[in-house]
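Chains as they are written, first to last, in my numbering: chain D, 1 to 295; chain H, 296 to 588.
Please keep in mind that the hints were generated in silico from the structure rather than gathered at the bench. Keep in mind the model is a prediction, meaning the values are calculated, not measured. Do not take every clue at face value.
[Stated by the list, open to error] If you anchor each label on the Cβ, the simulated ranges turn out as follows:
#, chain 1, residue 1, chain 2, residue 2, range
1, H, A486, D, G272, 21 to 31 Å
2, H, A479, D, W27, 53 to 63 Å
3, D, T40, H, G382, 40 to 50 Å
4, D, R24, H, T468, 22 to 32 Å
5, D, W27, H, G364, 20 to 30 Å
6, D, L9, H, G476, 39 to 49 Å
[Unchecked claim] To give an idea of the interface, some chain D residues facing chain H are shown, with a C-beta separation under 8 Å as derived from the structure:
#, residue
7, V14
8, V15
9, V46
10, N48
11, G51
12, V159
13, W189
14, A199
15, N228
16, R229
17, A231
18, I232
19, A234
Yeah, the Cβ is synthetic: ideal placement off N, Cα and C, and Gly gets one too.
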Amino acid sequence: MASVRGATLLFALVVIGLFVELVRGSWSSLTAFGLKFLVTSQWNPVTNQFGALPLIYGTVVSSGIAILLAGFVGVFAAAYLADFAPRRLAQPLSFAIELLAAVPSVVYGLWGLFILAPIMRAYIDPFLQARFGWLPIFSGTIYGTGLLTAGVLLALMIVPTVTAISRDVILAVGKDQREASLALGATRWETMRRVVLPAARSGIVGACILALGRALGETIATTMVIGNRPAIEASLFAPSYTLSSVIANEFTEATSDLYLSSLVELGLVLFGVSIVVNAVARTLIWSMVRDKKAR
Amino acid sequence: MATEAASLRAKHATPIAERRIRSLLGEIFAGTCAGVAAILLLTIFVYVLREGVGALNLDFVTQLPRPVGITGGGVANGILGSLIIIGIAVIIATPVGVLTGIYLALFGSGTLAESVRFMADVLSGVPSIAIGLFAYTLLVAPFHHFSGLSASFAFAILMLPLIIRTSEEAVRTVPRRTREGGFALGLSKYATTMQVVLPAARPAILTGILLGIARVTGETAPLLFTAFGSQFMELNPTNPMAELALQVFTYAISPYQDWHRQAWAGAALLILAVFVLNVAARFLLKPPSTKRI
């Protein structure tokens with residue numbers, strides 16, 4: 001009995017240790033900058049000034065774009081896979097989409113850098129600028145790498161998550177509710193829109209939040225396509241930077257203790273955000289899918 | 296109620312033909328979304344495979360990296376490094392994960408079990424780079440040099456949530472009568488679990504471990520400041536080591552054409568590995584639940 005208890009305690013210790021170590025590692029930055037760390041926008045290793053605002057902006061905007069695109073497509077795709085698709089099509093499609101959730105992010109990054117970024121630069125960005133250039137978000141120089149490209153790539157990476165969990169949640173809505181609606185004369189689409197989706201809403205929101213958490217913490221793929229410049233600009237074409245890509249790019253080059261500590265604090269911020277996001281998402285999903293655990 | 300009745304009446308005012316057409320259009324739209332997502336993702340998949348397999352050759356898997364500017368060479372050190380790092384991670388994570396899963400299955404309702412289950416769930420969503428930082432502050436900084444072991448430690452933490460949850464589920468789904476057979480023979484609860492339940496749950500637990508391996512195969516972010524990478528054939532895990540995914544990353548962002556080619560080849564290897572692991576987990580072992588969300 002001791003061994004199973006010991007292993008469990010060891011695991012708990014590791015998780016607590018993770019938090020403690022991140023706090024310890026970022027201590028000098030925490031004491032030097034306090035809350036200013038999160039709201040100032042100077043990220044300058046030369047002058048030892050570290051403010052994470054541009055990184056937070058880059059993280060939030062790129063992930064926001066991703067969840068807008070992936071949420072929209074993913075929920076409808078899930079509705080199709082759960083209720084509309086013929087069985088013969090639904091199973092291989094679901095399997096393919098789930099399998100693609102397992103493709104390593106460095107592979108997505110490679111594809112994003114060599115294929116997506118040139119496509120964005122040559123076709124999509126100029127198109128958006130020609131049509132909607134009067135909007136500040138589509139103005140300015142087009143680089144190919146930047147917030148929009150990162151958002152689109154992240155969207156591709158999290159679409160499987162949104163689709164797979166939403167499909168489970170939609171399937172968990174009782175058959176009786178569907179049949180009641182159909183018996184009242186509603187069409188299949190009306191049943192989906194007015195009965196099934198509203199009943200599945202909290203779980204679908206949970207799926208989207210979980211996917212958002214993925215996007216917020218994604219490192220390698222983002223680093224490869226976002227342009228890596230810590231600045232806040234209105235244009236979505238502009239290069240930007242995220243919390244995780246700063247750590248990835250600068251950690252091994254950090255020379256001063258304060259610099260290193262600031263980078264660890266970025267990790268602490270990511271850790272904190274991911275805990276909140278996951279706790280909320282899982283509570284929402286579980287309220288829907290109690291017996292089938294959403295992992 | 297009144298508004299609902301009104302909307303129902305409004306509904307009936309719409310001719311059925313129009314509603315049917317709308318329904319059809321809606322279904323087609325949903326189908327398009329599913330199709331677009333699947334086709335886009337499959338395009339990436341196929342593109343990487345085509346590009347990568349074209350660049351694969353014997354040198355790539357048997358040679359060491361050449362110095363910058365010299366064409367050719369391979370990533371044999373990275374492939375071996377990946378195997379060693381992931382192997383050690385499995386050795387660390389399996390006992391801890393499986394035993395914790397058993398604990399959760401046996402004492403599922405206690406305070407410790409509840410909080411550990413919560414930790415496992417939350418941990419599965421923590422960005423891998425944060426876990427890499429933890430491995431750095433714990434195992435790299437105090438020793439003043441990078442090591443394959445610190446990467447294994449980070450990978451083990453990344454695998455743990457998956458192994459814990461699949462093990463818990465595996466132990467739970469063993470039929471009651473199997474367990475009672477153990478009790479009837481006079482075995483204690485612990486002995487029954489270890490000698491009767493665990494063997495019965497083995498395939499499902501193996502699935503969890505396979506999925507855990509798939510989870511860390513291709514994981515790159517934590518390696519940047521743990522394994523760090525190496526140009527040499529480094530087999531000693533207490534030294535900085537090369538790793539395939541890390542090499543793909545470094546090669547991709549380098550300015551050299553030949554390294555780009557090798558990055559595609561490496562990416563194809565990674566995809567194939569993950570694909571085989573997932574398919575093996577799903578089909579060979581036929582587990583109760585293998586969804587990797």
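Okay, the hints, checked on the actual structure:
1. H:A486 to D:G272: 21 to 31 Å: 43 Å, violated
2. H:A479 to D:W27: 53 to 63 Å: Given about 57 Å between the Cβ atoms, the range holds.
3. D:T40 to H:G382: 40 to 50 Å: 45 Å, holds
4. D:R24 to H:T468: 22 to 32 Å: 41 Å Cβ-Cβ, so the 22 to 32 Å window is violated.
5. D:W27 to H:G364: 20 to 30 Å: 44 Å, violated
6. D:L9 to H:G476: 39 to 49 Å: Violated, since L9 of chain D and G476 of chain H (Cβ atoms, about 30 Å apart) do not stay within the stated range.
7. V14: 6 Å, holds
8. V15: Nearest chain H Cβ about 4 Å off; hint holds.
9. V46: 21 Å, violated
10. N48: 20 Å, violated
11. G51: With a closest approach of 20 Å, the G51 of chain D hint is violated.
12. V159: Nearest chain H Cβ about 5 Å off; hint holds.
13. W189: At about 4 Å, which falls below the 8 Å cut-off, the nearest Cβ of chain H leaves the hint on W189 of chain D intact, so it holds.
14. A199: Hint on A199 of chain D: violated, closest Cβ of chain H at ~16 Å, above 8 Å.
15. N228: With a minimum Cβ separation of about 10 Å from chain H (threshold 8 Å), the hint on N228 of chain D is violated.
16. R229: With a closest approach of 15 Å, the R229 of chain D hint is violated.
17. A231: At 20 Å from the nearest chain H Cβ, A231 of chain D fails the 8 Å test, so the hint is violated.
18. I232: Given a least distance of 22 Å, the restraint on I232 of chain D is violated.
19. A234: 27 Å, violated
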